[in-house]
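K.L.:
This is what each chain is made of:
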Amino acid sequence: MTLASVPVPALAEGRQGGEGLLEASPQPEAAARDFPVACEGGQRQAFCGLAGIVWLHRKLQDAFFLVVGSRTCAHMLQSAAGVMIFAAPRFATAILEERDLAGLADANAELDRVVTRLLERRPDIATLFLVGTCPSEVIKLDLHKAAERLNQAFQTQADANRPGSPNQPSQPIQSQGLSATAATHPTGRPRVLAYSGSGLETTFTQGEDTCLEALVPDLPALPAGESSLLVVGTLADVVEDQFCRLFAELGIGPVHFFPPRSARALPPVGPGTRLLLAQPFLGRTARSLEARGARLLTATFPIGIEGTRGWFDAAARAWGLAEERVAAVLAKPMERARGALARYQEQLRGKRVAFLPDSQLEAPIARFLQQECGMEILVAGVPYFDRRLMAGEIDLLSRPQAGNTDGSFAVVEGGDVDRQLDAVRTARPDLTVCGLGLANPLEAEGLTTKWSIELVFSPIQGFEQAADLAELFARPLTRRARLRF
Amino acid sequence: MELAVWTYEGPTHMGALRVATAMRGVHCLLHAPQGDSYADLLFTMIERRPGRPPVSYTSFQQRDLGRSTADLIKEAARAAYERFHPEVLMIGESCTAELLQDQAGALARGLGLPVPVLPLDLPSWSRKETWGAGETFHRLVRALLKPRAPAPGAPRPARASGQAPRANLLGPIALGFRCRDDVTAVSRLLAAIGVEVHIVAPLGARPANLLRLPEADFNVCLYPEIAESTCAWLERTFRQPWVKTVPIGIGATRDFLAEVGKLAASQDVVEAAARLMAKSGLSVPVGLGSSGDQPRPPQTHLPGMEVYAPRLPWYSQSVDATYLTGKRVFIFGDATHALAAARIVDQELGMRVVGLGTYLREQARPVREAAQAYGLEALITADYLEVEAAIAASHPELVLGTQMERHVAKRLGIPCAVISSPAHVQDFPARYAPQMGFEGADVIFDTWIGPLMMGLEEHLLTMFRGDFEFGEEPRADASAPATGGYAWETSGTGPTGMAAAAQSGALPESRTSTQSSADASFAPGSAVGPVPAGVAGQPPAAGTATPAVSTGSTSATAEGGDKTGQPVARSEVAGDTPAEPVWDPLAENELKKIPFFVRGKARRNTECFARERGIATITVETLYDAKAHFGR
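Chains A and B, in that order, are what the protein sequence lines are.
Our numbering puts the first residue of the first sequence at 3, with every later residue one more than the last.
Our numbering puts the first residue of the second sequence at 9, with every later residue one more than the last.
What the hints contain is simulated information worked out from the structure, not anything from laboratory work.
Only a predicted model underlies this, so the values are computations on that prediction, with no experimental measurement involved.
Ideal Cβ placement from N, Cα and C applies to all residues, glycine included.
Errors might be hidden in some of the hints.
Stated by the list, open to error - Some, not all, of what chain B presents toward chain A, calculated at C-beta under 7 Å: (1) G43; (2) S45; (3) Y46; (4) P58; (5) G59; (6) R60; (7) Y65; (8) S67; (9) V315.
Please model the entire structure based on the sequences and the hints provided.
P.N.:
Right, here's the structure in full:
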């Protein structure tokens with residue numbers, strides 16, 4: 003019995019996944035619309051969106067993430083962050099106390115106090131994110147309003163401290179509070195933004211979606227008549243640099259990355275912008291950028307050789323480049339990647355793998371493992387499946403593969419963790435991709451696992467990383483073959 | 009609102025999960041939003057549990073708040089019962105669920121499931137993890153045993169003749185510091201004096217076992233933070249006395265044996281305890297016919313004896329241990345381990361306690377009393393920055409604390425060892441490594457003393473001061489591992505590599521100038537020291553679990569004075585503050601005459617001395633004034 007033959011309920015209508023309320027989105031192409039995705043309810047074993055802070059704070063090097071929540075939030079973040087918590091990281095939790103729960107007037111004053119103290123200790127912060135949590139949402143603490151209030155206070159004080167301003171005191175400002183902070187801030191005023199990382203609204207990687215969405219209003223406008231390519235989604239710096247070189251060789255540009263490495267250097271967006279998503283979990287961000295006039299390119303995700311080729315193809319088409327040109331530029335890295343990948347294909351070919359839902363990266367990675375490594379995908383469990391953003395992937399899956407009449411595999415959205423484990427125990431895949439709360443228990447039952455969060459933290463996109471991605475799946479198989487007990 | 013970068017304790021419900029996970033046959037339903045299930049990985053990764061923690065989560069999301077979360081709770085409770093068939097189903101709420109006031113416990117009770125349903129009252133907004141653990145254990149024991157309570161005033165039934173005295177071991181728990189091995193060590197200790205261990209709880213106990221707690225003659229409160237309230241209740245309700253001494257350290261273990269002897273109400277036990285105590289000291293009679301007057305080093309396996317005689321007393325007495333005498337030790341952690349450590353440091357290692365504290369406010373009183381006895385003011389705080397400042401200010405030569413104090417000590421270049429939760433995966437070692445009993449005392453000696461340089465080496469190296477081979481300046485790679493250290497991987501393909509890779513290219517976070525100028529910037533890219541388990545990082549399976557000591561090898565920044573005392577490079581911060589004293593070239597030269605492995609400390613001390621007195625230029629005189637001031 004394969005996991006794919008587990009009876010699945012009918013497709014749910016108008017499924018919102020973990021996204022909450024949204025405006026109507028543009029309709030996905032017909033193929034994407036018809037692609038079968040089973041939906042299941044039940045206990046979800048997933049991180050909340052706060053976990054995104056762990057990589058976002060490394061990417062945005064001058065931003066600080068202030069979680070407004072409970073001790074649970076603080077504890078989760080330090081459990082997820084591991085060693086990074088000890089490096090004076092640019093994130094912290096303002097832990098709500100009973101006094102704050104008593105009256106929202108108190109909570110807002112407390113928040114202002116905490117922000118002040120924080121900015122006094124960290125004058126290098128240019129952008130402060132107030133991150134909403136389950137508790138802050140349940141008590142309806144409006145962090146967007148708080149952000150506005152703080153921005154206003156900083157703006158007022160910055161104006162007052164401008165040299166030549168009639169309000170300029172003859173002595174340096176000694177007072178405490180927001181005013182002093184703004185006066186001493188090296189870059190003028192820190193910008194305060196708010197977004198939700200709450201588990202009520204966001205599942206794991208969707209925490210990046212809500213964060214980027216919060217930055218969109220501040221993106222400068224791309225001047226009329228100009229065009230640009232905006233790559234959306236966090237990529238490792240080394241991958242970005244590789245992509246930059248290839249875009250330059252292709253003659254596609256200007257290329258910007260969102261998120262940028264500095265929250266002060268936000269990329270422009272406008273009607274001339276073409277969006278190329280590097281990550282699949284960015285539905286809200288894509289829609290916000292489209293509302294600014296940008297156009298979303300339908301593309302695969304840059305995972306694996308073919309996926310990366312398809313990704314560059316989408317940009318090349320938008321730039322009107324000839325196919326021969328693209329083929330010429332990409333030939334060398336593709337050839338190199340094939341050589342590197344060959345090392346692992348023998349080992350992976352024919353092995354059966356099941357994905358439990360985690361990051362939304364499951365479907366493109368499964369596509370790569372099946373099409374380029376010859377693995378058999380029993381099921382790709384996903385926390386949410388955005389048909390529109392996955393249209394390029396669905397297209398790739400629907401193409402007939404050599405020797406394969408059916409290039410696709412079962413995608414199941416959501417799911418009950420206990421039932422999923424039942425299915426895994428029955429099917430006994432060669433490899434089960436799952437979270438760290440499940441990996442050791444499955445290993446103890448003799449089931450080889452691949453811990454899923456490594457796929458989020460490792461550079462896996464692009465030609466140069468395709469073999470690395472394969473190696474992440476080969477290694478647990480290698481280990482199981484090597485150990486002798 | 010409390011601004012927290014680091015929290016020593018998790019939320020209250022985490023304590024409940026630790027009790028449920030420690031036991032068998034207990035399942036916990038936690039009414040909680042999606043995301044709270046992160047807690048599972050702490051059990052599977054830090055403790056390497058081969059099974060999932062026995063908890064189900066309602067994992068509600070926004071869309072569930074529209075309709076009734078009550079249905080979710082009922083469904084989840086039924087499903088948990090049907091799948092896991094627990095002997096007891098505990099119902100708890102995380103902080104967010106508590107705000108919803110769904111009355112999860114009452115709802116589950118109303119289902120009429122054929123097993124006891126225990127609602128947990130876990131105030132998430134005023135209490136924390138450790139309290140939650142103690143409270144959950146207490147509630148569970150009480151719920152199971154209250155119906156069997158004897159009438160007040162009814163005497164305890166007498167022990168059956170021929171029945172050996174029996175004791176329950178209470179307090180060992182999941183994610184507790186060395187609980188697994190302490191249970192073994194204490195069981196063996198009790199067996200050596202003729203006391204049977206009846207029930208161990210919560211670790212490994214089923215609810216059915218808890219029903220039999222009152223059968224034992226007395227309880228042993230191994231971890232007061234977890235079991236104190238339960239022991240007190242059992243005493244009130246079943247007239248069961250309890251042993252209050254925690255057997256960590258030689259002296260405490262002897263006190264423990266004496267207390268057990270009293271409570272066991274058995275002359276055999278008293279005599280066996282006395283014999284065992286006699287074997288734990290310096291002078292040990294070796295079999296028959298030897299002179300009992302001659303102090304001789306103890307042998308661990310004396311003929312005819314199956315019990316463990318500790319080496320710590322002899323090792324502390326041995327000649328090279330004089331280098332320990334008077335060394336300054338800063339201690340912080342949970343109260344049980346901090347208090348025990350202070351006594352060992354003071355009375356059994358000849359060192360000096362210069363700082364003592366706990367993050368558990370509930371345990372403030374005993375810690376304050378103990379600190380007073382050492383002439384100190386106790387540090388009662390859950391703010392790690394306060395602890396860090398206190399450590400820096402007290403200039404210790406050894407730091408004993410939680411994983412956070414270990415990281416602080418590494419950053420300050422001070423030898424350290426972990427003695428308490430919260431701890432990371434390397435503090436749950438594969439090998440047997442108790443803290444309790446005579447066996448634990450020897451583990452403690454090795455663990456705490458290992459990081460400090462062995463005395464003989466110190467003498468030898470003094471002879472080589474200024475020698476070209478040992479070098480005046482730190483080596484460029486600073487890669488030689490120090491004694492007993494293990495090089496930690498700084499990169500690699502394991503989970504450790506993940507954290508390192510995620511950190512690579514990051515800007516080092518510089519410290520503020522309020523710190524001592526000698527403190528190194530913690531450069532995340534250099535992955536200093538062992539990488540604690542987190543989702544993002546897992547340390548490699550290192551041979552030595554504790555202490556996770558700075559080997560110096562991974563202090564690739566080579567800015568900090570590491571534990572071998574390599575010269576401290578002047579950090580950029582030092583020059584920024586106008587009040588920072590400047591070294592006269594003659595003084596610098598004089599400093600070079602100090603052995604390189606203590607030069608860093610000497611430099612720090614002198615600068616601190618000068619700064620405090622507003623001395624602008626450090627001269628040779630200043631150097632020696634500082635030396636006289638600090639001593640050693």
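K.L.:
Next step is simple, just say for each hint if it's right about the structure.
P.N.:
Right, here's what the structure says about each hint:
Below 7 Å, beta-carbon pairs count as interface contacts, and G43 (chain B) has one with chain A at about 3 Å; its hint therefore holds. Because the beta carbon of S45 (chain B) sits about 5 Å from the nearest beta carbon in chain A, less than 7 Å, this interface hint is met. For Y46 (chain B), the shortest C-beta to C-beta distance to chain A is roughly 5 Å, which falls under 7 Å, so the interface hint holds. Contact between P58 (chain B) and chain A, as hinted, is supported at the beta carbon level, the nearest pair being about 3 Å apart and thus within 7 Å.
Given the 7 Å rule on beta carbons, the hint for G59 (chain B) holds: about 5 Å separates it from the nearest Cβ of chain A. Evaluation of the R60 (chain B) hint against chain A yields a held restraint, the C-beta minimum of about 5 Å falling below 7 Å. This hint holds: Y65 (chain B) has a C-beta 6 Å from the nearest C-beta of chain A, less than the 7 Å allowed. For S67 (chain B), the shortest C-beta to C-beta distance to chain A is roughly 4 Å, which falls under 7 Å, so the interface hint holds.
About 33 Å separates the beta-carbon of V315 (chain B) from the nearest beta-carbon of chain A, more than 7 Å, and the hint is not met.
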